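Engineer: Chain residues, written in single-letter form:
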Amino acid sequence: MSQPLLQLDQATIRFGGLTAVGDLSLDVHANELVGLIGPNGAGKTTAFNLITGVYQTTAGTIHFGGRNIRGMKPHDLTKLGIARTFQNIRLFSSLSVFDNVRAATQLHRAHGIRNALWRGIGFHRAEKEVETQVLELLDIFDLGRLRDEEAKSLPYGDQRRLEIVRALATKPKLLLLDEPAAGMNPTEKEALMKLIKFIQTKFQIAIMLVEHDMKVVMGICEKIAVLEYGRKIAEGTPVEIQKDPKVIAAYLGTEGEDDDA
Amino acid sequence: MPSLFNSQPSTALGGAKRWLVAGILLAVVVSLFSAQFNRYYLGIAIDCGISIILAVSLNLINGHTGQFSLGHAGFMAVGGYSAAKLSLVCSPMVPDSLKPLLFLAALVLGGCVAALIGLGVGIPSLRLKGDYLAIVTLGFGEIIRVVVQNMDSVGAASGLKGIPKYTTLGWTFALAAITIYVVATLVNSTYGRGFIAVNDDEVAASSMGINPVRYKVTAFVIGAFFAGVAGGLYAHHKQFLSPTGFDFLKSIDIVVMVILGGMGRTVGVIIAAIVLTLLPEVLRQFADYRMIIYSLIIIGLMMARPQGLFTTGWKKKGVAAV
Amino acid sequence: MEWFFQQLINGLALGSIYALIALGYTMVYGVLRFINFAHSDVLMLGAYAAFFIAPAIQPLVPLPSLTGALLVTLFSALICAGIGILIEFLAYRPLRTRPKLTVLITAIGVSLFIEFTCQHKAVFGADTKPFPTLLPSTDFHLGSLLVSSNDLVVMFVTVLLLVGLWFVVQKTKVGTAMRAVSFNQQAAALMGVNINRIISFTFGLGSALAAVAGILYAMKAPGIEPLMGVQPGIRAFIAAVLGGIGNLPGAALGGLLLGLLETFVGGISGLSSYRDGIAFAILILILLFKPAGLLGKSSVEKV
Amino acid sequence: MLIRWQYVALLVGGGLLGLTGCGKSGGGDTILVGEFASLTGKEATFGTSSHEGTLLAIEELNAAGGVMGKKFELKTEDDQSKAGEPANVVNKLISKDGVIAVLGEVASSRSLEAAPICQQNGIPMISPASTNPKVTETGDYIFRVCFIDPFQGTVMANFATKTLKATKVAVFTDVKSDYSKGLAKFFKEGFTKAGGQIVSELDFNGGDKDFKGQLTAIKTAAPDAVFVPGYYTDVALICIQAKQLGLNVPLFGGDGWESDTLVKIGGDAVEGHYFSTHYASDAASPKVTAFVEAYKKRYNGKVPDAMAALGYDSAKFLADGISRAGSTDGAKLRDALAATKEFDAVTGKMAINAQRDAVKAAVILQVKGGAFKFVETVAP
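Residue numbers (our numbering), protein chains in the order written: chain A, 1 to 261; chain F, 1 to 322; chain B, 1 to 303; chain Y, 1 to 380.
If you are wondering where the hints come from, they were derived from the structure by calculation, not from laboratory data.
These numbers come from a predicted model, not from an experiment.
Any given hint could be a false lead.
[Stated by the list, open to error] Which residues of chain B face chain Y? A few of them, derived with a C-beta cut under 10 Å, are:
no., residue
1, I17
2, I57
3, L135
4, S137
5, N184
6, A188
7, F264
[Claimed, not checked] Output of the computed footprint for chain B on chain F, the stretches with three or more beta carbons under 8 Å from beta carbons of chain B:
no., segment
8, 244 to 256
9, 273 to 281
[Unchecked claim] Covered by chain F, according to a simulated footprint, are these stretches of chain Y (three or more residues, beta-carbon under 8 Å):
no., segment
10, 87 to 98
11, 348 to 360
Cβ atoms here follow ideal geometry from the backbone N, Cα and C, with glycine treated the same way.
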């Protein structure tokens with residue numbers, strides 16, 4: 001087996017006395033679709049925040065593409081190829097749909113103040129390229145028709161999709177989706193599952209998914225890790241997980257809630 | 001419509017540079033005739049231009065990037081004093097034909113020194129938000145004032161006098177045009193969307209590869225640079241500088257322009273800068289009721305147009321108003 | 001050493017007044033999340049109210065006397081509470097749902113309006129007026145130390161009001177409602193809290209505090225003029241932020257610290273001309289290490 | 001209340017129209033005199049005083065028939081005590097209103113801002129109370145009717161050594177005010193030259209209300225006297241707090257002390273302290289008595305302070321110049337003013353020297369029983 005893209009090795013973070021994530025070890029390989037599940041407060045989003053550099057590990061290491069990410073800021077990690085969406089949608093609310101995606105493309109441009117100010121031929125060519133790229137992306141996700149709308153005025157489902165498009169615009173190798181199905185009805189969930197699979201094949205990237213909806217997770221993930229009280233209690237294929245007695249015990253009576261407090 | 005203020009990059013952005021050139025040319029042409037103008041109106045017109053530079057540059061910090069700065073007068077003071085000192089020291093050594101060059105050098109020096117201070121002020125902004133940042137910037141402004149007040153080399157409390165009168169309408173509006181150009185083109189580029197992204201949601205921006213620290217500091221440095229240039233123009237316009245002219249009330253004046261114009265709306269801010277500079281002059285006829293009316297107008301405007309004076313419908317077709 | 005203790009007393013007396021003003025700032029901030037710039041002008045109005053009331057009640061209650069001082073202060077506080085409620089009703093309430101910056105600029109507008117109106121010769125005029133003596137004052141000698149009774153009164157009143165305020169906010173029904181409004185206005189409204197009444201109450205209380213602070217300030221420096229509030233206002237504003245804005249003990253702590261700092265720096269030859277700057281420099285340093293102020297809780301944003 | 005942007009645009013447009021549609025007024029049968037003063041803002045107290053003095057003088061002049069058969073018209077503009085404003089205001093007075101001379105300001109920093117404009121336009125400017133030597137250095141159109149900091153500083157230094165017999169003096173300066181810093185500088189020079197010792201130098205900011213930190217330090221230095229060049233609003237509070245701290249040595253200062261308000265606020269705390277000023281109302285000439293009476297009558301019993309007297313003198317001095325020049329032409333007026341050998345002002349007989357500064361005697365007064373008592377006269 002090749003070197004994993006993302007490698008968590010006993011990653012731990014403590015807030016005061018509380019261990020939010022403890023000794024979490026997990027590998028994600030290129031183009032793999034991994035689900036991260038667990039009851040409310042199990043530390044799933046915290047794990048995402050560790051991977052994206054929002055929080056720093058108290059102990060253990062995280063490697064991405066063979067590099068230890070310790071001390072790196074979220075924007076550095078985005079450059080390395082980690083992109084994410086947020087549990088509570090965080091779009092740039094005063095920017096248009098188009099600009100939301102455009103803002104995310106800049107890290108791959110030879111951008112800079114000088115270019116923006118001089119507005120030479122190179123600048124216009126580059127801006128043109130960005131535009132084509134952004135519109136292409138928007139069109140793939142059927143958002144092109146909304147390009148001039150303010151992001152905050154979009155319907156909920158479109159906002160969720162726009163957030164994914166924005167993340168993809170950073171050209172990631174690993175995409176982290178934090179509860180993408182939250183608040184969706186069954187038809188929308190169905191469409192979302194297709195969309196995630198589509199992204200995986202079309203862009204050839206690894207995807208990590210935090211989700212409460214078992215149907216979504218079991219339906220598309222190749223590998224699933226289960227967290228409880230910050231610790232991994234199981235890892236395996238959907239079939240293995242469904243049979244795991246520890247998982248069943250952990251989920252008794254808690255399944256199906258949307259909220260991860 | 002090809003324009004400086006259009007948020008779309010699709011159409012010919014070459015228009016932006018044309019506007020800049022046209023603006024500078026217009027300023028220079030008008031300035032050729034300025035000898036015929038009444039000195040009072042000329043002075044007010046230059047005041048308006050300086051206000052535009054101050055307000056538009058503060059708009060980059062406060063409006064676009066969302067950093068609440070109350071220290072703009074401090075940057076202006078630093079720029080004004082540096083520029084004035086340079087031209088005071090050098091003007092006896094420079095022949096008349098080279099005076100414009102000296103003035104340019106003085107303005108650039110003023111801008112650069114202010115930008116350096118802006119870098120210093122930008123650094124706390126990495127850790128502080130909202131009111132705390134406002135207080136820190138206010139504090140920086142006051143510290144600058146206190147330091148100047150104690151510096152005998154720039155006249156301390158009695159002020160710096162005898163600054164040569166280099167500022168003309170042409171210089172002022174050419175520089176105003178450059179300021180508007182820089183801020184507007186910067187923000188209206190893929191790079192510049194980062195300023196607004198940082199303003200909207202810092203965490204999300206960071207996760208999209210946008211380095212918030214860098215953007216915030218950049219905004220402070222560029223904003224401070226132009227405030228410094230405005231200070232240089234002011235110094236060579238009034239020909240006298242005193243530290244009391246740069247207290248925090250001056251910063252508040254500029255903040256009011258930005259908020260009244262609509263945070264992040266370039267055209268609105270320009271118009272607000274002009275209106276708020278003219279208003280006290282227009283109100284002069286009311287004598288001792290003048291400032292009472294002025295304050296009532298500010299309250300009234302905030303109630304009637306809280307989103308900024310000129311927001312609706314002006315954002316996209318605003319070029320005609322420049 | 002004697003010098004040190006004398007400065008300590010000077011600083012505490014000055015700091016107490018800053019603390020008192022800062023309490024008003026911080027209370028309004030706690031409930032409405034904006035800095036009420038007009039607070040320092042209400043302070044000035046409080047001093048002027050006392051200036052006009054004192055001769056009016058002189059025939060009934062002799063001045064200077066404790067009862068007289070209390071009466072004058074009470075009336076002034078009531079007047080200022082009314083003014084505060086009126087300002088909120090006329091200027092801030094219509095902007096309740098608007099962005100905070102809008103309200104901030106309006107507050108600056110209100111502040112300018114009060115200042116310029118009061119400077120007009122038909123109102124108070126710009127000249128400095130002598131403030132009447134409200135309390136008989138004596139100087140106490142502690143060894144070689146000199147303590148003015150006025151300073152003791154200031155410190156005593158500050159402590160009293162701080163404790164009183166803390167009691168109101170923490171232990172009474174209206175205080176609970178204030179905290180609820182501060183925490184989440186909409187939720188509080190849904191729980192049956194009358195938001196308007198609570199906000200009016202907060203402004204009234206804050207303005208009454210400002211009036212008391214204004215009178216104490218005028219007792220310390222018995223020349224009053226329409227801009228007398230500006231300088232202590234900024235200081236108190238700094239103090240409130242230094243302590244962690246929205247936090248009552250924080251405001252008191254910030255005020256005391258600032259008062260001590262100014263006094264000690266002011267007493268050092270060569271540094272005294274930098275006094276204002278040094279106060280700010282230390283404030284900036286503290287905020288760099290404690291970004292939410294000394295006692296403020298830095299809110300970690302949930303991602 | 002709904003204001004749409006159209007209305008605002010109208011307002012702006014209207015304002016612009018208003019700005020362009022004015023010509024020069026005045027001329028004809030009146031003499032238009034401009035005045036700029038800090039009528040609002042931080043230093044409104046002083047600006048208002050000098051304005052009231054100026055206004056009284058103009059009214060008296062007009063009641064007496066004016067000069068050259070023409071009456072005066074005073075055009076007053078407020079500069080809000082704000083830097084940046086004097087330039088606009090004086091530009092307006094000269095270019096829009098067409099005044100023949102400008103009176104103002106109390107604060108040297110604002111006079112310094114207006115001076116180059118008057119100079120460039122060839123309009124004489126007379127400052128009532130700006131004592132900073134730099135003010136008249138701007139050019140030959142700039143005059144003043146008050147004495148300057150070096151003179152007053154030296155006078156007080158001599159007073160401290162000779163009359164107070166002080167050898168150790170503390171200096172307490174208002175760093176915000178160039179007036180205060182100027183006086184302090186020249187006092188220190190004079191006093192150390194005379195063999196005295198400055199034991200403590202501390203600063204305050206004009207408008208401060210608490211001075212105990214500095215005063216405690218001064219007390220520790222145990223001086224024989226404390227020199228406090230400042231304005232009466234601050235000085236009164238300084239005296240009160242000095243007394244509270246048991247700093248029982250004489251305090252003394254300059255003409256900024258002179259005001260009724262000093263005694264009203266300071267009460268018994270200012271008793272026994274000294275200051276130098278332009279005239280003594282108790283040992284006064286009939287001229288002074290007449291001025292004080294007229295002022296009281298005009299302004300509801302208000303007693304004039306030094307600024308009011310100087311404002312009054314600035315207007316009378318101008319009228320004197322016009323009548324001697326026989327013209328309101330800028331250059332002729334300038335020459336007449338510069339040639340003043342003796343002008344009998346309320347603030348004493350004065351001459352104009354080559355630097356266009358007033359040369360006149362200073363008097364030293366002491367606060368006694370709530371009034372200012374004459375101590376001595378110091379000739380220039």
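Engineer: When the hints from earlier in the document are held up against this structure, which numbers fail?
Structural biologist: Hints 2, 3, 5, 6, 9 and 11 not satisfied by this model.
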